[in-house]
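Protein sequences appear in the order of chains A and B. For the record, in the first sequence the residue sitting at position 265 is 265 according to this note's numbering, with numbers rising by one throughout. For the record, in the second sequence the residue sitting at position 40 is 441 according to this note's numbering, with numbers rising by one throughout.
For the record, the hints were derived by calculation from the structure and aren't laboratory data. Quick caveat, the model's predicted, so the values are computed rather than measured. Watch out, some of these pointers could steer you wrong.
As the list claims (entries may be wrong) - Interface residues of chain B toward chain A, partial, derived using beta-carbon atoms under 10 Å: (1) ARG410; (2) ASP414; (3) GLY422; (4) PRO429; (5) THR433; (6) VAL434; (7) TYR436; (8) LYS439; (9) GLU455; (10) ARG459; (11) ARG460; (12) PRO462; (13) THR463; (14) ALA469.
Stated by the list, open to error - Pairs of lysine to aspartate or glutamate residues, derived as DMTMM-like cross-links and limited to a Cα-Cα distance of at most 20 Å, are as follows: (15) LYS307/A <-> ASP297/A; (16) LYS110/A <-> GLU441/B; (17) LYS110/A <-> GLU437/B; (18) LYS59/A <-> GLU324/A; (19) LYS439/B <-> ASP339/A; (20) LYS59/A <-> ASP414/B; (21) LYS219/A <-> ASP91/A; (22) LYS452/B <-> ASP339/A; (23) LYS439/B <-> ASP222/A.
Said to hold, decoys possible - Distance windows between CB atoms, simulated: (24) SER467/B <-> THR304/A: 29 to 35 Å; (25) PRO379/A <-> TYR436/B: 45 to 51 Å; (26) ASP124/A <-> ARG464/B: 37 to 43 Å.
C-beta: ideal position from N, C-alpha, C; glycine also.
Okay, here's what each chain looks like letter by letter:
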Amino acid sequence: MDTPFAGAEPIDLMNLAPFIVGEELTLFERLRADEPLHWNDEPNGPGFWSLTRYRDIVKIIEDPATFVNGDGTQILSRRVEGHTPTVHNMDPPRHTAMRAVATPHLRAIKVREWRAIIESNVDDILDSLESKGSAEFVESAAALLPIRVLGQVLGVPREDCGLLLDWTNRVVSDDPEFMRSPDEKATAREELFAYFKALTEDRRKTPRNDLVSILVAAKIEDQPLSWEELAAYYFVIVGAGNETTRNLLTGSVLAFAAFPGEWARLRADRSLLAGAVEELLRFITPIRAMRRTATRDIEWDGRTIRKGDKVVLWFQSANRDSQEFVDPDTLKIDRSPNDHLGFGWGIHACMGSHLARAEATAFLGKVLDRGLSITPVAPPDRLHTNQFHAFKRLHVRIARA
Amino acid sequence: MSEDKKTLRIVVDWNACIGQGQCEFAAPNVFTVNYEGKLELNETPDESERKAVEQAIRRCPTRALSLAED
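Same shape as in the complex, but just chain B:
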């Protein structure tokens, strides 16, 4: 019996993202703001990142992040 290896799926509203990087602070393994100030992310991080990702979503000052409902 193997447990389903669940992953998260993050959705970015690119019109809202301003590269502020509060997500980067909350979930450094998932989000990085690059040298051009643009957000780079692992859109499907491991379930173990869930708490950090949820915090990043809440802390985004422009509400640019969400989790896809599967």
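Looking at chain A on its own, in the form it has when it is part of the complex:
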């Protein structure tokens, strides 16, 4: 591939170093300005296109017939869930029917029914944080809340929630910290499937008010979902419910530490909370990117995206595009309009968005209720991945303000 900007160092988004130190935004800024359609070679793959401007990304997402999910959504040419695709790695019409199975149970009014569960979990976590005074925030708060809530939504007993977290850590990234063996992902996947197989059989016999029971009973065109389809569904719910909200929560602590005036405004006016959560979704963008695959040749900016090419949509970059957002690098809790891509966009937009919002709202709300300050005492350890804006550790001090 040609490099159109001689002199400038070519940008390689497969190099994880800038993501690990938190300097990826300068790369995205260069790409948006100079090379909005960027070709990236891949050491062990075919390479991929990157799109970084808001308008371009929305345009691609709104054409799901040309740019499909069925060949995978990870940047790498793989599907971590195994052979049977998850709902986000599927295309219509099957995608539409599969999605409709769980959507009604993740919608806003249903999530309001879970508010008590979410709030009691938040109270529990904050009691413990307060008593410690200082803590590693990811382990003791950000990771706990989503996994416990998700456990209850799915019907996984609380004592098993740690397993969900461990499987997620091992399947979502290649961070060496979680890769104990070369086939770590396959092993974690098999463990998760075995666990849910038992849970599936149990709920088939004795249904409860949980998502596993709903999926087990669901039918598409009078046919129940096969075990492989159920397994893929569990897989995506566990991963997506986990490697997202925990990073939104950790990212929120970092964002308010960088913009303490915005935290003060929120403390003074709680009616700003809903908008603040949207702004945090934009500012943090827990899922940096999703991939599509072109189904035909497309002319774009004088170049050709070939049939079969991978096209990576960098939501994190879109959410910092000054053509769409005024002062994009500033956290403004009352930003309006704020049509961020924090939950993606289009027919594959996040199914768990209502749950994520409810968790973040409950967490920040209760931190405010208690008058707590949660302050980072060191820079975070970031997960070694370009696809997720994810944190492994953040040491914080907790005090009554």
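Position chain B relative to chain A; hints supplied.
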């Protein structure tokens, strides 16, 4: 003198709607996704809902919503 009591008129593209419910979040008094995952709405809400409805229209990830031009 009475002001015209204006109402909004919302149009749904039912082929595009996937029951995602971002509209429900933006304008809870107007939109609800029911237990079958199908959107229910007040197609002619009061003018006071305009801002919320406009946000719902913008936030619909499949652009299934619009306002009728009268």
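Structure-based check of all given hints:
1. ARG410: Cβ of ARG410/B sits 22 Å from chain A, so the hint is violated.
2. ASP414: violated, 13 Å
3. GLY422: holds, 4 Å
4. PRO429: For PRO429/B, the interface hint holds, since the closest Cβ of chain A sits about 7 Å away, which is under 10 Å.
5. THR433: holds, 7 Å
6. VAL434: For VAL434/B, the interface hint holds, since the closest Cβ of chain A sits about 4 Å away, which is under 10 Å.
7. TYR436: holds, 6 Å
8. LYS439: With a minimum Cβ separation of about 8 Å from chain A (threshold 10 Å), the hint on LYS439/B holds.
9. GLU455: holds, 9 Å
10. ARG459: With a closest approach of 5 Å, the ARG459/B hint holds.
11. ARG460: Status holds, d = 7 Å.
12. PRO462: Because about 4 Å separates PRO462/B from the closest Cβ in chain A, which is inside the 10 Å limit, the hint holds.
13. THR463: Hint holds; THR463/B Cβ to chain A Cβ min 6 Å, cut 10 Å.
14. ALA469: violated, 22 Å
15. LYS307/A <-> ASP297/A: holds, 5 Å
16. LYS110/A <-> GLU441/B: holds, 15 Å
17. LYS110/A <-> GLU437/B: Holds, at about 12 Å.
18. LYS59/A <-> GLU324/A: Holds, because 14 Å separates the two Cα atoms, which is no more than 20 Å.
19. LYS439/B <-> ASP339/A: Violated. LYS439/B to ASP339/A sits at ~24 Å, over the 20 Å cutoff.
20. LYS59/A <-> ASP414/B: Within the cut-off at roughly 19 Å; holds.
21. LYS219/A <-> ASP91/A: holds, 18 Å
22. LYS452/B <-> ASP339/A: At roughly 14 Å apart (the allowed maximum being 20 Å), ASP339/A and LYS452/B satisfy the hint.
23. LYS439/B <-> ASP222/A: This hinted pair holds, its Cα atoms lying about 18 Å apart.
24. SER467/B <-> THR304/A: 29 to 35 Å: holds, 34 Å
25. PRO379/A <-> TYR436/B: 45 to 51 Å: holds, 46 Å
26. ASP124/A <-> ARG464/B: 37 to 43 Å: holds, 41 Å
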